[in-house]
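Asker: Under the numbering used here, residue 323 is the last one in the sequence shown; the count climbs by one each step, no gaps.
Keep in mind that the hints were calculated from the coordinates and are not lab data. A virtual CB, placed ideally from N, CA and C, is assigned to each residue, including glycine. Treat the hints with care, as some may be off.
Only pairs whose alpha carbons sit at most 25 Å apart, straight line, appear in this in silico DSS-like list of lysine-lysine [unchecked claim]:
1) Lys14 x Lys69
2) Lys28 x Lys14
3) Lys14 x Lys91
4) Lys28 x Lys69
5) Lys310 x Lys298
6) Lys298 x Lys272
7) Lys310 x Lys14
8) Lys91 x Lys43
9) Lys92 x Lys130
10) Lys130 x Lys91
11) Lys91 x Lys69
12) Lys43 x Lys14
Cβ pair distances, simulated, as ranges [as the list claims (entries may be wrong)]:
13) Lys92 x Ile273: 44 to 50 Å
14) Ser72 x Glu149: 46 to 52 Å
15) Lys92 x Arg147: 28 to 34 Å
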Amino acid sequence: MQPLLTVGLLKKYFPLDRGMFSRTKAVVRAVDGVSFELQKGETLGLVGESGSGKTTVGRCILRLIKPTSGDVLFDNMNVTRLPASELKKLRRQMQIIFQDPYGCLTPRLRIRTILKEPLEIHGIGTKSDHTDIVVTVLRRVGLRPEHMNRFPHEFSGGQRQRIAIARTLMVNPELIIADEPVSALDVSIQAQIINLLVELQRELGLSYLLISHDLSVVHYMCDRIAVMYLGKIVEMTTRSDLYLNPLHPYTQALLSAIPEPNTGPKREKILLGGEVPSPINPPAGCSFHPRCNYKMETCTKVEPLLKGVGDSHWVSCHLR
Numbered sequence: 004m005q006p007l008l009t010v011g012l013l014k015k016y017f018p019l020d021r022g023m024f025s026r027t028k029a030v031v032r033a034v035d036g037v038s039f040e041l042q043k044g045e046t047l048g049l050v051g052e053s054g055s056g057k058t059t060v061g062r063c064i065l066r067l068i069k070p071t072s073g074d075v076l077f078d079n080m081n082v083t084r085l086p087a088s089e090l091k092k093l094r095r096q097m098q099i100i101f102q103d104p105y106g107c108l109t110p111r112l113r114i115r116t117i118l119k120e121p122l123e124i125h126g127i128g129t130k131s132d133h134t135d136i137v138v139t140v141l142r143r144v145g146l147r148p149e150h151m152n153r154f155p156h157e158f159s160g161g162q163r164q165r166i167a168i169a170r171t172l173m174v175n176p177e178l179i180i181a182d183e184p185v186s187a188l189d190v191s192i193q194a195q196i197i198n199l200l201v202e203l204q205r206e207l208g209l210s211y212l213l214i215s216h217d218l219s220v221v222h223y224m225c226d227r228i229a230v231m232y233l234g235k236i237v238e239m240t241t242r243s244d245l246y247l248n249p250l251h252p253y254t255q256a257l258l259s260a261i262p263e264p265n266t267g268p269k270r271e272k273i274l275l276g277g278e279v280p281s282p283i284n285p286p287a288g289c290s291f292h293p294r295c296n297y298k299m300e301t302c303t304k305v306e307p308l309l310k311g312v313g314d315s316h317w318v319s320c321h322l323r
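Start from the sequences and build out the full structure, keeping to the hints where you can.
Answerer: Next comes the structure, spelled out in structure tokens:
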């Protein structure tokens with residue numbers, strides 16, 4: 004089956020310290036050769052510590068920032084090479100939910116104006132249809148029609164995130180990139196929003212790229228999971244395989260940090276030493292070796308390739 008989204012060797016370097024004659028002295032390797040596929044109707048989780056490059060991957064896919072190199076194929080169209088006129092059409096099919104449910108809503112505009120704007124930009128329906136479309140979408144995300152007359156500051160955090168989700172649905176997208184969609188919300192509200200996203204996927208056939216550092220959320224929502232470290236994917240497999248049989252030492256450490264109930268067997272805690280290396284000057288060989296409890300001499304010299312070690316399981320580690 005043809006993937007809905009294919010990301011190939013995606014890189015994004017941010018220049019630093021421009022010297023004389025605008026020469027770049029250094030770069031931040033935010034994303035450094037990321038590749039994966041996303042099938043239609045699937046949810047792929049992208050996890051890792053803060054600064055691992057997860058959000059940059061999502062924004063490069065949408066061309067909110069221009070990749071340094073690599074390819075992003077959406078429905079056989081190369082997003083990285085599309086002119087502005089074609090890119091606007093593609094925006095209808097690819098949308099994003101931002102982490103901050105307040106910062107992404109214009110505080111001076113009423114909700115009806117915020118939700119009608121995508122319809123006007125993309126020429127969807129007539130002006131007389133727009134109010135009915137807004138009412139339908141508001142109800143779909145669990146809000147009432149009268150809410151369209153309020154301003155963003157009149158809503159709770161969970162309600163604002165519902166409005167942000169409604170805005171992405173206004174153009175009937177196929178792919179939604181959800182960038183930490185519940186991390187700014189209370190735990191009880193997180194569950195409501197997660198269940199809403201799952202229900203919308205079931206009803207509308209949506210595909211999600213879920214960017215998160217919360218492995219419990221990822222385990223609940225995702226079909227497959229890719230683990231990122233310092234701009235690279237170090238492990239990728241199905242949800243069940245990742246939690247039952249993590250192969251990369253970094254993945255094992257992440258999973259050991261998940262809080263567990265007092266009953267039943269407990270996973271051994273793995274404490275990582277040191278700090279995450281700088282993406283300006285990443286270490287030679289395996290980028291994880293300065294913090295790895297199993298490092299060998301070859302880890303400090305040779306960068307491991309992401310290779311298959313079983314059905315749908317990929318890992319970048321010299322131990323495997």
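Asker: If a hint holds in the structure, say so; if it doesn't, say that too.
Answerer: We went through each hint and held it up to the structure:
1. A hinted pair counts as satisfied when its Cα atoms are at most 25 Å apart, and Lys14 with Lys69 qualifies at roughly 10 Å.
2. Among the hinted pairs, Lys28 with Lys14 is consistent with the structure: their alpha-carbon atoms are about 18 Å apart, no more than 25 Å.
3. Proposed proximity of Lys14 and Lys91 is supported: the alpha carbons are some 23 Å apart, at most 25 Å.
4. This hinted pair checks out: Lys28 and Lys69 have alpha carbons roughly 20 Å apart, not beyond 25 Å.
5. Proximity of Lys310 to Lys298 is assessed by CA-CA distance (about 18 Å); at most 25 Å being required, the pair is judged to hold.
6. A C-alpha spacing of about 18 Å is found between Lys298 and Lys272, which places the hinted pair at or below 25 Å, so the restraint holds.
7. Distance check on the hinted pair: Lys310 and Lys14 sit about 19 Å apart at the alpha-carbon level, within 25 Å; holds.
8. Distance hint between Lys91 and Lys43 is fulfilled; the C-alpha atoms sit about 21 Å from each other, no more than 25 Å.
9. As the CA atoms of Lys92 and Lys130 are separated by approximately 20 Å, the hinted pair is consistent with the 25 Å bound.
10. Straight-line distance between C-alpha atoms of Lys130 and Lys91 comes to about 20 Å, which keeps the hinted pair within the 25 Å bound.
11. Restraint check for Lys91 and Lys69: the C-alpha separation of about 15 Å stays at or below 25 Å, so the hint holds.
12. Straight-line distance between C-alpha atoms of Lys43 and Lys14 comes to about 24 Å, which keeps the hinted pair within the 25 Å bound.
13. Look at Lys92 against Ile273: about 47 Å separates their beta carbons, and that is inside 44 to 50 Å.
14. Taking the beta carbon of each, Ser72 and Glu149 are about 49 Å apart, inside 46 to 52 Å as hinted.
15. Range check, Lys92 to Arg147: Cβ separation about 33 Å, and the 28 to 34 Å hint holds.
Violated hints for the displayed structure: none, as all numbered hints are satisfied.
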